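The chain contents come next:
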Amino acid sequence: MPLLEVKNLSKAFGGVRAVDGVDFSLEQGELRSIIGPNGAGKSTLFKLLLGSIKPDKGKIWFRDRDVTRAEPHTRAHMGIGVKFQHLGVYGDLTVRHNMQLPLQHSLSGEAMDAEIARLLERLNLAGTEERRVAELAHGQRQWLAIGMALAMRPVLLLLDEPTAGMGPEETRETGSLVHSVHEEGVTIVVVEHDMAFVRQLGAPVTVLHYGRVFAEGSLAAIEDNEDVRNIYLGASRTMAVRSRRH
Amino acid sequence: MSVIQRPLALLVGPQEMGRTWYFWVGFVIVIGVGAAAPQYLGRFDLLNLANFLTSIFLALSLCLIWGFCGILSLGQAAFLGLGGYAYGVAGINFIESHGNTWAALGIGLAVPVALAAVLGFVMFYARLKGVYVAILMLVVTLLFETFLNQTAGQGWFIGDAHLGGNNGLGRFSGVIKRPPSFIFSEGGIKFLGKSYAFFYLTFGLAVLCYLGLRIMVNSKLGFVMVAIREDPERTEALGYDVRLIQLIVFCVSALLASMSGILYVSWGRFITPDVFGVYNNILPVIWVAVAGRKSLTATVIGTLVLVWMSQRLTETDYAFVVLGGILVGAMLLLPEGVITGIVDRSAGLRARLAARLRARA
Amino acid sequence: METISFIVGLLYQYADTIALLALSAIGLIIIFGMMGVINMAHGEMMMIGAYITSFSYYAGIPTALAVIFGGIGAGVAGMVLERLVIRRFYGQLLSSLVATWGLSLILSQGALLVFGQLIQSVPTPFGSFTVADLSYSYYRVFIFLVALVMIAGLWGLFRFTRFGVRARATMENPRMARALGVDTTRVYALTFGLGTMLGGFAGGLLALTSTIGPFYGMTYTPQAFITVVVGGGAEVVTGLLASVLSLGAIKTIFMNQTNILLGHVAMLVLAFVIIRLMPSGISDWVERRQVRVRER
Ligand SMILES: Nc1ncnc2c1ncn2[C@@H]1O[C@H](COP(=O)(O)OP(=O)(O)O)[C@@H](O)[C@H]1O
Ligand SMILES: [Mg+2]
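Read top to bottom, the protein sequences are chains E, X and V.
The numbers in my numbering rise by one with no breaks, and the one at position 31 of the first sequence is 95.
The numbers in my numbering rise by one with no breaks, and the one at position 355 of the second sequence is 672.
The numbers in my numbering rise by one with no breaks, and the one at position 218 of the third sequence is 222.
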């Protein structure tokens, strides 16, 4: 059985079918990129996987359990770690207090401090413990958000646009971080807009379009796929038509 | 850390203003001045002050759920009123006849918490929108008012206690029994409403609740509460059952509000359905919003100032217009609250001043 | 004979309850559906409508026109408040709740200061009719019809007018609507004005059946709140209809068999049951059903 299996997953908001009959599966230890135009349903898919949104239809299995109706906190403890697209770090609190939130389930005292130091070191955030998060640069906040997901010691890590707002240098470092976490055996799915980053990851790609799986394959195959290139262009063309009609 | 150090560290944790030594010097002075009140206040003023102090629990109850957990309830008076009535009814039956104040207190606290548990379970486990929670609580409390207003008939006895319709419990003493003050048979301690003892009891409880809540908001649970306020979805992703935590905090808040009700009843020995009305619901919202909902300290100070001010104003007809104006004005100009706003701004000013001094040196 | 009078009585009561719920909630639910804001000063908008109706009536203006003035007056008051206060709280739902509650306090207490405890009430027009020995008021039936017309009108407004299209676009996705050139600020201001106008109009209509004072609106707002919670904001018209029909039914039955208080309690309990089953209100639930049916 794969680590994660999704069958016919669907979710509509009003008339918009954000996720529309998606089938998707991941083997233990895989690294996967998900791409797709804006509004393709990538973020909604992640929320369905964690359970912050419940699907209208379809099923989700994780580690051989049907988790379709399981609550998000249950899935988090089962090993699904998420960095959402919106950052969700707590700006008024210090970096240390942010890191404590995921860690205080199992650690306290010196063990906690050591773990925070270890994670921050890894995230390029060493020495920022006592800074208020609102004072950090955008890229640092992204790393903190990733770090909070990592602190849950996930089996499956979902990263929604982890390099948004980063410069090229920071983006590269994020890529190395993803690779090093992957090498530890964590299964990772990355949603990303930035094709340069997707190339750096070099992982197999799933393309979402209008809530459906449009194409799936190796990075090279997807990059050569004429239809995939068209939907990126086509999406902007339909937008233009629509706005003219109004 | 030792058993003593830990709570002390939590007391000055980052979730609440007042982390400097001069804050605590000021705190000790305020406690001293407060505790000495019977020395310099006349009987009437002292009585009045004790009554003011009962409002603090209601204000803190709203501060906790709204300011720290992000749940606005426009019907906190439901818990106050229910606590007051439950204590009053139980008191008439238990304290008068058996001298059992603990039972009456227990019932006065348990009934509102049970209501909070039921309502909270339905609302939070349905992941109801915040605005719905807010107005449903108001509807609930107004229905209690309507219900109790029509309990004047002879059928509305609970044991020896007559609910008394719009006259309330024990408003007209004589034939009908009034709710008693706290009387503890062990050692014969009485906290009659007009006594020094009652003032000290309320004062002591207010200080304890304030300090206890400071510890609570800086505990693990406190950080999770704030995380839920800022971003519930994210907090779930970090492995917390948001619904359960909201429910727990809602129950704690009901407990605090009911303390206001119980103290109020044992102070004045009566309670009427008016306690469930619009004013008792909007007043805490005004206190907390104007003072600064994200701070316990601001809430306590603001509540005392505003309660004192509205009492001054009730001699005029403008009291509520003025309070409404203060609320709207504060929301527009200092949305985080007046006291919090001033503290933040002066901290910013101090930092800038220090920076300039450093630059010059 | 007995059964006929019982059935007619029940139907009359049902129609009356529906009218009350729909009239008191319609303005509130429009504003909520569009902006997610619950206008806590809605009762005061009804109060303003009622006051203007009464003053106009005693200034010699025909009743119908007086009620319309009431609606217009409340609409203008609403637009002014929107401009001065409410606009500052868009996107902060709980703050807007608190701010509008403050306005409600100012308006009701201000009315108390200026006009006192009661103002002159307006006589109920039209007289009454008799079925099976029981007499009923024509005006109540009229109000019921007006409520239906208002709901239908609202449906038409959202469906067929340019304002309606813009409003729906704004409701569905404000950012997208802005990108497509809809002036959402204006849409919000107009919607708020429309909502308060309907509130004022309802206040004027209902004023002809009751005494009028500064807290006049507060007798209607709790029911209006329940109606909004049950209806939800996803589809204003279907939500309102489903909500008033179901709440009206339960209230009528309980009122008829017991008393008005239990009628209210039953409504509240039903509301809690419904939110347990369909947390975003009936309208959202209906909408999702529709999507599913369309898919088949
Ligand atoms: N909470 C929501 N309410 C209404 N519509 C939503 C919501 N979340 C997403 N959508 C809609 O669903 C579609 C997919 O959105 P999303 O999953 O965020 O896309 P992506 O992440 O691929 O850009 C979009 O059309 C978006 O407007
Ligand atoms: Mg996205």
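Hints should not be assumed to be uniformly reliable.
Reference excerpt, derived from the structure (chain E facing chain X, CB under 10 Å, subset only) [said to hold, decoys possible]:
1. 78
2. 80
3. 140
4. 150
5. 162
6. 219
7. 240
8. 294
By construction, these hints were calculated from the structure, which means they are not laboratory data.
These numbers come from a predicted model, not from an experiment.
Glycine included, C-beta positions come from ideal geometry on N, C-alpha and C.
message = Name the hints, by number, that the structure is in violation of.
response = 1, 2, 6, 7 and 8
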